[in-house]
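My request is simple: use the sequences and hints to build the entire structure.
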Amino acid sequence: MGFIGLLRSIFSDPQTVGLVFDVWGAYLLSRGFIFKRIEEIEAECYGHDLPNGREGLGMSGNLARSMRIQGLEARFGFIFLFLGFMLQGLGQAIPLCRLPPMVSFSLVLLGVISSYIYIRFQIKKMFLSS
Numbered sequence: 043m044g045f046i047g048l049l050r051s052i053f054s055d056p057q058t059v060g061l062v063f064d065v066w067g068a069y070l071l072s073r074g075f076i077f078k079r080i081e082e083i084e085a086e087c088y089g090h091d092l093p094n095g096r097e098g099l100g101m102s103g104n105l106a107r108s109m110r111i112q113g114l115e116a117r118f119g120f121i122f123l124f125l126g127f128m129l130q131g132l133g134q135a136i137p138l139c140r141l142p143p144m145v146s147f148s149l150v151l152l153g154v155i156s157s158y159i160y161i162r163f164q165i166k167k168m169f170l171s172s
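If you want the numbering used here, it's the 1-based position in the sequence shown plus 42.
Treat the hints as calculated values from the structure; they're not laboratory data. There could be a bad hint or two in this list.
[What the hints assert, rightly or not] Computed spacing ranges between beta-carbons, pair by pair: (1) G131 <-> K167: 16 to 26 Å; (2) I52 <-> M128: 17 to 27 Å; (3) M128 <-> F77: 23 to 33 Å; (4) F163 <-> Q57: 23 to 33 Å; (5) F77 <-> R50: 26 to 36 Å; (6) S156 <-> I80: 42 to 52 Å.
In this text, a Cβ means the ideal position worked out from N, Cα and C, and glycines have one as well.
What follows is the structure, encoded as structure tokens:
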């Protein structure tokens, strides 16, 4: 069967493609909470621009930027989870349904890359505008 055959069988099943979308959506939803370092959390809470880093608790501009970024990631995460659940439902409702493997692989790749680039672009824009 080989690697190419395995990829074809994986990406022809709508349930499997839906699972890939679900995993990416879950990553985007949890990224703002799970993958933060202590320094990033302190910067959000206290800020780095004050003489005494502990002043101005909760009044940091970093917190507002972080909340906007997390909101953006949450919207994309919800979209990907929703699409993933819809594809899984399609696979359950129509068991013989098959997707063209190159089309579904291209959609997954396009969705993951474009959402990542868009979020990075918005983050850069937020930091340049402040």
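For each hint, the structure was consulted:
1. The hint said 16 to 26 Å for the Cβ distance between G131 and K167, and at roughly 36 Å that hint is violated.
2. In this structure, I52 and M128 meet the distance hint of 17 to 27 Å, their C-beta atoms being roughly 18 Å apart.
3. Against the hinted window of 23 to 33 Å, the Cβ-Cβ separation of M128 and F77 comes to about 27 Å, which satisfies the hint.
4. Separated by about 32 Å at the C-beta atoms, F163 and Q57 satisfy the suggested range of 23 to 33 Å.
5. Between F77 and R50 the CB atoms are about 33 Å apart, so this pair conforms to the stated range of 26 to 36 Å.
6. Remark: the range hint 42 to 52 Å for S156 to I80 is contradicted by a beta-carbon distance near 31 Å.
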